[in-house]
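2 protein chains.
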Amino acid sequence: MGNKIGNLTGGIPGNLPEEVFTVLAENEHVKIERVVSDGHASPEGFWYDQEQDEWVLLVSGSAVLSIVNETGIEQVELMPGDHLLIPAHRRHRVESTSATEKTVWLAVFYSCSSTQSTGSTV
Amino acid sequence: MGNKIGNLTGGIPGNLPEEVFTVLAENEHVKIERVVSDGHASPEGFWYDQEQDEWVLLVSGSAVLSIVNETGIEQVELMPGDHLLIPAHRRHRVESTSATEKTVWLAVFYSCSSTQSTGSTV
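Chains as they are written, first to last, in the numbering used here: chain A, 16 to 137; chain B, 16 to 137.
Treat the hints with caution; some may be incorrect.
Because identical chains cannot be distinguished in the list, a pair is counted as satisfied if it fits within a single copy or across any two copies.
Stated by the list, open to error - 30 Å max Cα-Cα, derived DSS-like pairs, lysine-lysine:
id, residue 1, residue 2
1, K46, K19
2, K117, K19
3, K117, K46
Since the hints were derived computationally from the structure, they do not count as laboratory data.
Chain A extracted, bound-state conformation (with noise of 0.2 Å):
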């Protein structure tokens, strides 16, 4: 069987009602997954708590996080080729993406592990 090419940019619909998750390649621990975003936010008082560490890097577009610190809430904005980690647990929600142009994220979840090298905890 020969190697299977996907490429990023690929296979997204012109008109996006709702934002699209493409998961890339998993296993039980692991899952790499794309999202496009057209304009989309978090509903009105919805936070993110995952299970999962996420690695996010923000591939196209732009957008605006927010995440809960120690120190309360942090805005941040995102512009391509910015990545972060955002550990288990750690509250955030998307404020806005570009209205502009799609917003193509990629992000890694993963877990099975007891030690964290890399990025803080809560």
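Based on the hints, put chain B in the right spot on chain A.
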């Protein structure tokens, strides 16, 4: 502590006598790594034969890989946004990378699973 944001194009020296490997996040079973090539290729006769699955994304630049499949050696050309799963122990090498611009890769190495829902195994 605030959230540490990096950028995939950050901290790349102008002159790269060797490829540059930067670990962006890791735990004992997952490693997310940026690789920057500047016309580099694998040494003559060298083949990677890795213990872990590797999901690789070509972020910018271009490259040609050779991959050993059941039917022989397949050459694949990668352009920006192209991604590929290279299962553990699938031998492969980098034949070439762009001579005119730096090639930035994102590689996710992972293991710790007995099952594999994406990608083929040899």
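Evaluation of the provided hints:
In this assembly of identical chains, K46 and K19 lie within 30 Å of each other by CA distance both inside one copy and across copies; the values are 17 Å within and 22 Å between. For the homomeric pair K117 and K19, the shortest alpha-carbon distances inside one copy (25 Å) and between copies (24 Å) are both at most 30 Å. In this homomeric assembly, K117 and K46 come within 30 Å of each other (Cα to Cα) both inside a single copy, at 22 Å, and across copies, at 28 Å.
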